[in-house]
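Work out the full structure, taking the sequences as your base and the hints as a guide.
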Amino acid sequence: MIDEDICELLKWDTEVDASDTEVFVLDGLVTLKGSVDNRHAKLKAEILANDVRGVIDVKNRISVKKYFDLDPDKIIARGPDGLFSQEITPR
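Residue numbering for the sequence shown follows this note's numbering, starting at 1164 and increasing by one per position.
All the pointers check out, no bait thrown in.
Beta-carbon label-pair distances, calculated as ranges:
1) K1174 / R1224: 17 to 23 Å
2) E1178 / R1224: 17 to 23 Å
3) D1190 / V1227: 25 to 31 Å
4) G1191 / K1229: 28 to 34 Å
5) S1198 / E1171: 17 to 23 Å
6) W1175 / K1196: 19 to 25 Å
7) V1227 / W1175: 18 to 24 Å
The hints are simulated quantities; they were obtained by calculation from the structure and are not laboratory data.
Remember, predicted model here, so these are calculated numbers, not experimental data.
Each residue gets a CB set at the ideal place from its N, CA and C atoms; glycine is no exception.
Here you go:
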């Protein structure tokens, strides 16, 4: 089956962590949903799905995870240890 073939390719590809993705197939039309770590992994998942026999088209609804969820009431500052952190700033 198409969905099983796609899932197998995603599972073994070292550039795509597809643990948070889902594959839906209807009459050869594939929809990818979920999230990955970066844009390269998103594109690679689509390429892999397109290469499976029987796939007519792929809708890539995968989103890229956000690593920084910045609070507008905070600023980012580099500490004495060289690491960045968020600090609350009075308004």
